[in-house]
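Chains as they are written, first to last, in full-length UniProt numbering: chain U, 1 to 861; chain L, 1 to 119.
Among the clues, some could well be false.
[Stated by the list, open to error] Under the rule of at most 25 Å between Cα atoms (straight-line distance), these lysine-lysine pairs were calculated in the DSS-like manner:
hint, chain 1, residue 1, chain 2, residue 2
1, L, 40, U, 50
2, U, 816, U, 471
3, L, 63, U, 216
4, U, 282, U, 638
5, L, 40, U, 44
6, U, 616, U, 636
7, U, 701, U, 712
8, U, 430, U, 471
9, L, 40, L, 63
Everything labelled a hint here was simulated from the structure, so no lab data went into it.
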Amino acid sequence: MSKWSDAARSYFEDALGLVGATEGGAELAEDIRIHVETEISERKPGLVTKEIVEGIVVRVLGYDPFVKESPARKESKAPRRSLSEIVEDRKNKNGWTRFYGWTFGVILPVITLIFEIVTGACASAFFDPIPSIGHIVLIALVPAGCAWCLLGIGRGGPLGARKILALGGTIAISLYYTIPLAVFMPFAVIGIIFYGFGFLPLAPLFSMLAAFGLIKRLGKGNPEVPRYWRKAGVGFLLGLLVVIGVESPRYLTTLGLNMAGSADPERAMNGIGFLRTFGSEKTILDSCLPEFRNQSGVLWVGPRNSPEQAREIFYRVTGREYYVDADREAASQGEGSVLGMRSRWDWYRGDQVVGRKIHGVSLQHSRIDGVVEADAAHAYLEWTMEFRNDTPMQQEARALWRLPPGAAVTRVNLWVNGEAREAAFNAKSKVVEAYKRVVTRRRDPLLVTTAGKDHVLAQCFPIPRNGGKMKIRLGMVVPLHLESLDQGSFVLPSLVGENFYASEELGVPVWIDSQTMLSSLSLESPDLADTIRTTVDFSDLNGDPIVVYAERDPELTRFWSENPYSGGITQGTVSLETVVSEDSKLIVVLDTSVALSESLTEVRAALERFGDQISKIVVVDERLGYRVFDSPSDFKWKAEGGKDNAPALEHAFQLAENSATESILWIHGPQPRELSSAEGLLRQLSRRKNTTPVYSLSCGKGMNGVLTTLEKRLDVMSVQRFAKSPGTDLNSFLDSRQSGRGRVVINYQHLDGSEEARGRKVADHATRLWALSEAKRILYSRENKAYERSAKLAAQHQLVTPASGAVVLENERQYKEAGLEPVKEGTTASIPDGVNSVILLVFALGSILAIRRLLPARRDI
Amino acid sequence: MPEDKFNIDNWATQARKGLLEYSILNSLVEGERYGYLLVKQLVGMDGLGVSEGTVYPLLSRLKRHGLVETRLEESSEGPARKYYSLTPLGREQLKLMTEYIGNLMEGIETLKKGGNENV
Numbered sequence: 001m002s003k004w005s006d007a008a009r010s011y012f013e014d015a016l017g018l019v020g021a022t023e024g025g026a027e028l029a030e031d032i033r034i035h036v037e038t039e040i041s042e043r044k045p046g047l048v049t050k051e052i053v054e055g056i057v058v059r060v061l062g063y064d065p066f067v068k069e070s071p072a073r074k075e076s077k078a079p080r081r082s083l084s085e086i087v088e089d090r091k092n093k094n095g096w097t098r099f100y101g102w103t104f105g106v107i108l109p110v111i112t113l114i115f116e117i118v119t120g121a122c123a124s125a126f127f128d129p130i131p132s133i134g135h136i137v138l139i140a141l142v143p144a145g146c147a148w149c150l151l152g153i154g155r156g157g158p159l160g161a162r163k164i165l166a167l168g169g170t171i172a173i174s175l176y177y178t179i180p181l182a183v184f185m186p187f188a189v190i191g192i193i194f195y196g197f198g199f200l201p202l203a204p205l206f207s208m209l210a211a212f213g214l215i216k217r218l219g220k221g222n223p224e225v226p227r228y229w230r231k232a233g234v235g236f237l238l239g240l241l242v243v244i245g246v247e248s249p250r251y252l253t254t255l256g257l258n259m260a261g262s263a264d265p266e267r268a269m270n271g272i273g274f275l276r277t278f279g280s281e282k283t284i285l286d287s288c289l290p291e292f293r294n295q296s297g298v299l300w301v302g303p304r305n306s307p308e309q310a311r312e313i314f315y316r317v318t319g320r321e322y323y324v325d326a327d328r329e330a331a332s333q334g335e336g337s338v339l340g341m342r343s344r345w346d347w348y349r350g351d352q353v354v355g356r357k358i359h360g361v362s363l364q365h366s367r368i369d370g371v372v373e374a375d376a377a378h379a380y381l382e383w384t385m386e387f388r389n390d391t392p393m394q395q396e397a398r399a400l401w402r403l404p405p406g407a408a409v410t411r412v413n414l415w416v417n418g419e420a421r422e423a424a425f426n427a428k429s430k431v432v433e434a435y436k437r438v439v440t441r442r443r444d445p446l447l448v449t450t451a452g453k454d455h456v457l458a459q460c461f462p463i464p465r466n467g468g469k470m471k472i473r474l475g476m477v478v479p480l481h482l483e484s485l486d487q488g489s490f491v492l493p494s495l496v497g498e499n500f501y502a503s504e505e506l507g508v509p510v511w512i513d514s515q516t517m518l519s520s521l522s523l524e525s526p527d528l529a530d531t532i533r534t535t536v537d538f539s540d541l542n543g544d545p546i547v548v549y550a551e552r553d554p555e556l557t558r559f560w561s562e563n564p565y566s567g568g569i570t571q572g573t574v575s576l577e578t579v580v581s582e583d584s585k586l587i588v589v590l591d592t593s594v595a596l597s598e599s600l601t602e603v604r605a606a607l608e609r610f611g612d613q614i615s616k617i618v619v620v621d622e623r624l625g626y627r628v629f630d631s632p633s634d635f636k637w638k639a640e641g642g643k644d645n646a647p648a649l650e651h652a653f654q655l656a657e658n659s660a661t662e663s664i665l666w667i668h669g670p671q672p673r674e675l676s677s678a679e680g681l682l683r684q685l686s687r688r689k690n691t692t693p694v695y696s697l698s699c700g701k702g703m704n705g706v707l708t709t710l711e712k713r714l715d716v717m718s719v720q721r722f723a724k725s726p727g728t729d730l731n732s733f734l735d736s737r738q739s740g741r742g743r744v745v746i747n748y749q750h751l752d753g754s755e756e757a758r759g760r761k762v763a764d765h766a767t768r769l770w771a772l773s774e775a776k777r778i779l780y781s782r783e784n785k786a787y788e789r790s791a792k793l794a795a796q797h798q799l800v801t802p803a804s805g806a807v808v809l810e811n812e813r814q815y816k817e818a819g820l821e822p823v824k825e826g827t828t829a830s831i832p833d834g835v836n837s838v839i840l841l842v843f844a845l846g847s848i849l850a851i852r853r854l855l856p857a858r859r860d861i
Numbered sequence: 001m002p003e004d005k006f007n008i009d010n011w012a013t014q015a016r017k018g019l020l021e022y023s024i025l026n027s028l029v030e031g032e033r034y035g036y037l038l039v040k041q042l043v044g045m046d047g048l049g050v051s052e053g054t055v056y057p058l059l060s061r062l063k064r065h066g067l068v069e070t071r072l073e074e075s076s077e078g079p080a081r082k083y084y085s086l087t088p089l090g091r092e093q094l095k096l097m098t099e100y101i102g103n104l105m106e107g108i109e110t111l112k113k114g115g116n117e118n119v
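Please model the entire structure based on the sequences and the hints provided.
If you want it as structure tokens, here you go:
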């Protein structure tokens, strides 16, 4: 392609301008342009000079446009203008074009976009114009398209087809945003007239007009005008396609949400599948949040679902509780964002759910202390936490703890005016009521209740605003798991959900003392073998299980403790039994939620390996509720989304009803929502004639609503989670049931004063463990007034059970008003001071010796 | 007197003027034509004696009157190509022109043979 000299290009454009300026000359100018360019492309000169172009133009035109008037102009009655007048006029027009093009086509949209990204003003007041990065890019195309064309004018070259396409596209995008803002435009105009501001809502309209103006101005007098408008039309259609492309995930998600919310189960399930394939998790999440659900679209009609229904759909689609994602997004967007600012508001205050994290509420300090008495197969742990509230309003801290299997909370403290106040233990309903009543008065309460097997929910209020602090402590009695007579173990408790922020690197001191040797693979080895003194990261506590092992005297098979609460003694016995596998076959209930996706292969392998122990496998099925198989190799399994385990469990109980020797093993992930009515399951549990043992192997972290339901009717036994992988623990569990395997069994028995205690005297935690098992036995016995009797026994022994809870109130008057009585000093479980004192003394002596050794050495230097 | 002397060139110019539009329309009877080549052919046609500067305005006028239409085709190798074609109106007008010229030639032939005495 030949290169044009500037003079040639300038001459050519001016000549065409003159030809085009005549009446009806646009068509002729276009013909001349094509002819000249075609002829030059045929000639292929190295450089296209002005002389060459002039020669062709004059020949083709039949006259010199700069010397002679064209025949058309001769006929025209319009006064003739000189070439300099025409060129000057074009310059003026281009100057004006540049001004409004840059102002309204580029600068205003850029300012508007940045303002919205930084402040989220439109999103918080009306609708979110930039709900995704795609929308930011979409809006940015408007100033980019205009700037590209304006820069083209600046270089003096003609606008090409692509630039016109771009301008058409910017019109489409601007129009898309102009329509929803149209209702605000009169107010914006009033704002501009009277206050001098209000341009931002008008930005889409102005940029659209700027693009129109550019096309019109650059096309006027230009021989290619007809083509410009056609190209612009094509660009407009392409722009609409881009808009549709950016918006389609949300439109498809809305469609899926409406399907998933249908009353027709088949259509609802189709909707869930549709959302998994085509849905946008962000859009589903937005529809879960009251502050966003009606504001997430430009021309978007939101889904018909309620926020609660959308949350259930979000769980079914993703397998995650919505606020986990909402918290992550709020944290990533920062406190200045709409989500960040809104997340300072606690939507769940006083409710018995953890809920979303509150920006500004954080865990400042945390520590775990414990004492292990392995010979008596128990430990006592205390977890202390201090919260800080940097928001300008009082806040409630809530946390869901996973306790070691079989453990129970037995001490609860809240620091009021620097003093640790003790809790009152009573029936669950009574302590919850007392807590709620005090919360409404904005006084200081702390409530601890169970939330499913081995889970407790603690909530305290109010953490004073603007930097105020609140300190709590949970003490728990923990039964040791005895793998053999000479060793016991337990897992440290962990947090599985909290509504406050905690730095992952927050150091948590862990101090555990024992009368026998301790060891742990996860905790640093202590200098003294019967003591663990270390600090772990907060994130480590919530990761893989941290197991502590303690040696015990294998010869010690009997121990006893006093019962300071109801008199008498507790007699404990440890025995080794041999497993007979024919005793009980397993009905396995297998969750297929996303939480099991990583464990899938190992779990299947373990089930196949111990296939002789399994009678049936009830697999959770999204559409049918469940499917029953004889062997793990009989079915294909895909773990995705969040599924309802209740129907499969209900069927497993029906299967077990016909056999007195079958147990249920439920392998499951968290299920924070009860997706179907618990009525069927509760009815089934109430009707059953035998007491089928139920084992729960929990995979993943989080609350399980079905476990909470089961807690009302039966005592589910937890499969010990010692390993990172659930498959490994499943193997251990199934292996321990093999015929001939030894199994250590601990029994507690209450004796009145008339019978003689046997064995060694141990701490009264043994009594608490007896009371715990007895309270549960009564609760699930279907005896008369079982709930009340169970709650009374648990409260008497200071235990938080499915029937009882603990609440700390601020003063005696509040306790009296609530009909509660706090536990008396000296009766609570505690870490023996003596143990700490001895260790501190040893440390102090060691330090003094070390210093004395160092001092002479320093003098030598 | 010189003014009264018959000039064959003037007559040819008059005749060409009348026939130029007819020639252009006839060149499009078989289908659309690439404008640049069409003009080149018309310019190079013996006897027609026209320049590009005459043809383009004429094409433009025919288009304005609705006798021809154009379409642009972008080319990756060079300038866009403009194609001309007859509109239905153009075809109709061409037919009338052809009939008219036919009648005219027929009349001239009749005159050559002495004329129709019945007229």
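Evaluation of the provided hints:
{"no.": "1", "hint": "L/40 <-> U/50", "verdict": "23 Å, holds"}
{"no.": "2", "hint": "U/816 <-> U/471", "verdict": "23 Å, holds"}
{"no.": "3", "hint": "L/63 <-> U/216", "verdict": "23 Å, holds"}
{"no.": "4", "hint": "U/282 <-> U/638", "verdict": "24 Å, holds"}
{"no.": "5", "hint": "L/40 <-> U/44", "verdict": "18 Å, holds"}
{"no.": "6", "hint": "U/616 <-> U/636", "verdict": "15 Å, holds"}
{"no.": "7", "hint": "U/701 <-> U/712", "verdict": "22 Å, holds"}
{"no.": "8", "hint": "U/430 <-> U/471", "verdict": "23 Å, holds"}
{"no.": "9", "hint": "L/40 <-> L/63", "verdict": "19 Å, holds"}
Hint compliance for this structure: every hint is met.
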